[in-house]
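Participant: Below are the chains, spelled out letter by letter.
Protein chains: 2
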Amino acid sequence: MSHTPRKAIIALDLGGTRIRVARLDERLNILMRQETLTLAEQGFAPVMERLQDLIQQALPQDGPPVAGIGVAVPGPVNPATGLLFSAENLPGWDNVPVVSILQERFGLPVFLGNDANLAALAETVLGAARGCQNVIYLTISTGIGGGIVADGKLLLGHEGLAAEAGWMFLVIDNGQPVILQDRASGLAMGQQARERLARGEPSLMHTLVDGQLDRVDGRIVGLAAQQSDALALDIVYNAARLIGVGVASLVHLFSPEMVVIGGGVSALGELLFAPIRQTVRAIVMPPYWDHLRIEPAALGEDVGLIGAAALVVTDGGLGNMADISARLNPNQG
Amino acid sequence: MSHTPRKAIIALDLGGTRIRVARLDERLNILMRQETLTLAEQGFAPVMERLQDLIQQALPQDGPPVAGIGVAVPGPVNPATGLLFSAENLPGWDNVPVVSILQERFGLPVFLGNDANLAALAETVLGAARGCQNVIYLTISTGIGGGIVADGKLLLGHEGLAAEAGWMFLVIDNGQPVILQDRASGLAMGQQARERLARGEPSLMHTLVDGQLDRVDGRIVGLAAQQSDALALDIVYNAARLIGVGVASLVHLFSPEMVVIGGGVSALGELLFAPIRQTVRAIVMPPYWDHLRIEPAALGEDVGLIGAAALVVTDGGLGNMADISARLNPNQG
Chain A
0 MSHTPRKAII ALDLGGTRIR VARLDERLNI LMRQETLTLA EQGFAPVMER LQDLIQQALP
60 QDGPPVAGIG VAVPGPVNPA TGLLFSAENL PGWDNVPVVS ILQERFGLPV FLGNDANLAA
120 LAETVLGAAR GCQNVIYLTI STGIGGGIVA DGKLLLGHEG LAAEAGWMFL VIDNGQPVIL
180 QDRASGLAMG QQARERLARG EPSLMHTLVD GQLDRVDGRI VGLAAQQSDA LALDIVYNAA
240 RLIGVGVASL VHLFSPEMVV IGGGVSALGE LLFAPIRQTV RAIVMPPYWD HLRIEPAALG
300 EDVGLIGAAA LVVTDGGLGN MADISARLNP NQG
Chain B
0 MSHTPRKAII ALDLGGTRIR VARLDERLNI LMRQETLTLA EQGFAPVMER LQDLIQQALP
60 QDGPPVAGIG VAVPGPVNPA TGLLFSAENL PGWDNVPVVS ILQERFGLPV FLGNDANLAA
120 LAETVLGAAR GCQNVIYLTI STGIGGGIVA DGKLLLGHEG LAAEAGWMFL VIDNGQPVIL
180 QDRASGLAMG QQARERLARG EPSLMHTLVD GQLDRVDGRI VGLAAQQSDA LALDIVYNAA
240 RLIGVGVASL VHLFSPEMVV IGGGVSALGE LLFAPIRQTV RAIVMPPYWD HLRIEPAALG
300 EDVGLIGAAA LVVTDGGLGN MADISARLNP NQG
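Each protein sequence line maps, in turn, to chains A and B.
Taking numbering that gives the first Met the number 0, the leading residue of the first sequence gets 0, the next gets one more, and so forth.
Taking numbering that gives the first Met the number 0, the leading residue of the second sequence gets 0, the next gets one more, and so forth.
Isolated chain A, as found in the complex (with noise of 0.2 Å):
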């Protein structure tokens, strides 16, 4: 039998602090990486060349030919159009047309993708998701994110903003609306805090903070709980309590196999996802409750590579992930 050499695949990861290149085979196993500064407060022109230098370096020598380029970028991006509308850490990156400056540039199929969506089909053809076709994906940091797998393909919308799920609006405080990252986030958990230590409540938070208030974030929150501290505990049990009730919305909207949940604040552990298990246990309908897990992400920091990655070998996400997952290397992730 004659072998068919496999194609190469090149992921690239562009953050706010930091830029990551790798080059895959075509079953997602990471073969070299790379990565420097983003440097984004010099503007668009010089991270575009960086990011370009650093594709050119991984690009195999005279190695096998190469499938296509993936590329995982912080802010919304329209699939159709291979543009991206904006990203909050890199100025000056506005409607930026990032697929065809590449495909021109490398003469190779480009795809892009926005980090929580990328996240989702990442976890799903590699992480905790595997075998999954329905899969809710969260992360949980200063904001709240979302990547959805709906039926065996990456949930896009018009222009591809769906997915939002941190937008999802939750409770409604005199007659205001409130959307979950308003109260879950944590950017939400610090500003709590902060109120409730103003008002005196006692806290390990304040010596944590040497009594500087303003410093007091998600991270101090995060600290404060892990020691069992009472009013990081509560914080952080009503912020995964209202996650629940989200999760519990989405399951309703979604009827998953899975819910994964990364991002920072999900380093939290078993403080975070017992009462978020116990929410949506509650209050979903139980046939839901029966074919449901909840479980952390499993990728850590490489998941925007293998999300990039994995966005070439879907065809743009749009392949059936189940097939797709049986056909990578079950070692990986």
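Treat the hints with care, as some may be off.
What the hints assert, rightly or not - Beta-carbon label-pair distances, calculated as ranges:
1. A:Tyr236 <-> B:Gly106: 53 to 63 Å
2. A:Gln175 <-> B:Gly199: 23 to 33 Å
3. B:Phe43 <-> A:Ala325: 34 to 44 Å
4. A:Asp289 <-> B:Met31: 40 to 50 Å
5. A:Asn173 <-> B:Arg280: 12 to 22 Å
6. B:Asn88 <-> A:Ala229: 47 to 57 Å
7. A:Gly42 <-> B:Ala281: 29 to 39 Å
8. A:Ala79 <-> B:Asn28: 29 to 39 Å
9. B:Leu186 <-> A:Asp289: 23 to 33 Å
10. B:Gly91 <-> A:Asn28: 51 to 61 Å
11. A:Asp289 <-> B:Gln277: 37 to 47 Å
Just so you know, these hints were derived from the structure itself, not from any lab.
Quick caveat: nothing in here was measured; it's all calculated off a predicted structure.
Built from N, CA and C at the ideal position, the CB exists for glycine as well.
Fit chain B to the known structure of chain A by using the hints.
Facilitator: Okay, now just chain B, sitting in the frame of chain A:
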């Protein structure tokens, strides 16, 4: 050029009160239709027999071959197994293998869908959302049901349980999450009216029911609202506002081009639609509003038959809607 004879499609709409059947051509023109009373109280076997008799009568005698039978049922179905889990208005219809029963009897491909999903499909291929790829359909009647077309395909989820938009958690009262349906359905509006009338609030509704408060239901609230009764208008406005908040969450999750609202309560027209649109516009992110329309359902009582037939021509809702819609007769609907 030789003429390829078109295939016929048989559509069946099983309701708690009536069973409707139709023969359609592949462009979803209705060629013949017939209906009979369900007499659901007789239980499973007689209803299944009536339904099969109706299909038998709708089959073309010596006309074109039949592409398949599409069936709309008033309860959750699993498209993978062809099973109807249950149907509130059909006693004895629990875990019925509708697809295999009909396939065995007629030797034709059979597709099964629940009524709200099929209304979404019908409105997308031939109704208010024609040509759209991302559609939210809500039916506001006694309860609140939903059907969703996402990225050009009917959203199904694990075991077909997705799109239950009436079960989104929306309000948190005294720490208890409440679903949209329990606050904004016809049933909820009737209950709110009875409570407020019992507290002595003045209203035309007292007269409309001859003082018999237990006769006040969603329909009575609607009648009074259409006569500008202040209490009824307030109840409708509050429900519409909550529906608007729910729609705003759905918009952030699916980025639809169209939200279609049907069901008995939608007959209130602008009394319902104006506050829904105002609420959505006030709280969704601007890029989502720019491409969004919120419109009444267009297909009337044929929606179930057209949705069931659409299941056949879309291979169970999985074909691409825009392509399919373009193939259909533009004078339909």
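Participant: Next, verify each hint and record whether it holds.
Facilitator: Hint-by-hint comparison with the structure:
1. Checking the proposed 53 to 63 Å range against A:Tyr236 and B:Gly106 shows it holds: the Cβ atoms sit about 58 Å from each other.
2. A beta carbon spacing of about 29 Å between A:Gln175 and B:Gly199 agrees with the range 23 to 33 Å that was offered as a hint.
3. Taken as a hint, the range 34 to 44 Å holds for the pair B:Phe43 and A:Ala325, whose Cβ atoms sit roughly 39 Å apart.
4. Evaluation of the 40 to 50 Å hint for A:Asp289 and B:Met31 yields a pass: the beta carbon distance comes to about 42 Å.
5. Between A:Asn173 and B:Arg280, the C-beta spacing of about 20 Å keeps the proposed range 12 to 22 Å intact.
6. The supplied range of 47 to 57 Å is met by B:Asn88 and A:Ala229, whose beta-carbon atoms lie about 51 Å from each other.
7. A beta carbon spacing of about 35 Å between A:Gly42 and B:Ala281 agrees with the range 29 to 39 Å that was offered as a hint.
8. Separation of A:Ala79 from B:Asn28 is about 32 Å and conforms to the stated range, judged on CB atoms against 29 to 39 Å.
9. Checked against the hint of 23 to 33 Å, the C-beta distance between B:Leu186 and A:Asp289 comes to roughly 27 Å, which is consistent with it.
10. In this structure, B:Gly91 and A:Asn28 meet the distance hint of 51 to 61 Å, their C-beta atoms being roughly 55 Å apart.
11. Range check, A:Asp289 to B:Gln277: Cβ separation about 40 Å, and the 37 to 47 Å hint holds.
Checked against the numbered hints given earlier, this structure breaks none of them.
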